[in-house]
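Participant: Each residue of the sequence shown is one higher than the last, beginning at -6 in my numbering.
None of these hints come from the bench; they were simulated from the model.
Here the structure is a predicted model, which is why all the values come from computation and not from measurement.
A virtual CB, placed ideally from N, CA and C, is assigned to each residue, including glycine.
Calculated pairs, DSS-like style, for lysine-lysine (alpha carbon to alpha carbon, straight line, at most 30 angstroms):
id, residue 1, residue 2
1, LYS94, LYS118
2, LYS176, LYS118
3, LYS94, LYS176
4, LYS94, LYS30
Ranges of calculated distance between the beta carbons of each label pair, as one might list FRET restraints:
id, residue 1, residue 2, range
5, GLN39, ARG120, 45 to 51 angstroms
6, PRO37, HIS90, 30 to 36 angstroms
7, GLN55, GLU163, 31 to 37 angstroms
8, SER124, ASN85, 17 to 23 angstroms
9, ALA169, SER42, 37 to 43 angstroms
10, GLN39, ILE177, 37 to 43 angstroms
11, ILE174, GLU68, 36 to 42 angstroms
12, GLN19, ARG156, 26 to 32 angstroms
13, ILE18, CYS141, 29 to 35 angstroms
14, PHE161, ALA26, 38 to 44 angstroms
15, GLN39, CYS145, 31 to 37 angstroms
16, ILE18, GLY132, 17 to 23 angstroms
17, GLY122, PRO91, 14 to 20 angstroms
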Amino acid sequence: DALPISGYCVWGNRQMTASVDKVEIQFSDNTLARFEKEIAKYPPEQRQSAVMACLSIVQDEQGWVSPESEFFIAEYLGMPPMAVHEVTTFYNMYNQHPVGKYKLNVCTNLPCMLRNGAEALDHLKRRLGVSLGGTTPDGLFTLQQCECLGACADAPVMLVNDRTMCSFMEPERLDALIDGIEKIEGV
-6 DALPISGYCV WGNRQMTASV DKVEIQFSDN TLARFEKEIA KYPPEQRQSA
44 VMACLSIVQD EQGWVSPESE FFIAEYLGMP PMAVHEVTTF YNMYNQHPVG
94 KYKLNVCTNL PCMLRNGAEA LDHLKRRLGV SLGGTTPDGL FTLQQCECLG
144 ACADAPVMLV NDRTMCSFME PERLDALIDG IEKIEGV
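Whenever a hint applies, use it, and build me the whole structure from the sequences.
Facilitator: Printed below as a string of structure tokens:
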């Protein structure tokens, strides 16, 4: 299904509602200053080039990129809202929904799957009691699959919070990771 919004249509697994048509979100002066710092890296006629940086700033501050944030960024950078949405949905690093404090992305490409990637994913589903894309009731973990992380020789691999690569993630190592995070968090 497609839903027309301000002359643009949005498809995919995330619905945008007509209420997004009027941007009801405000960002702090600090956030806007961070936007401006990124925009200043480009010639004035290419301010749209800062879209990824602006999306990252929003996610750093809010934990995810809402449709309202996408529209705000589009207006701020002077670009079509659909163009911002395309960037948000193309890259795995942007959370399109609220996620847990620790986002666990397990690679499900062929090399990882041949070296027990599916078993690693299933183990985490059982251990955390969530389905793929789900978040634990305490809000601590979100489990996702992802595309190739470029560490095929270390398969199965996973990425924690889009920053920390974990290699050779057999069940014992997965349990040690979860136990360690729970200990740090006092669970």
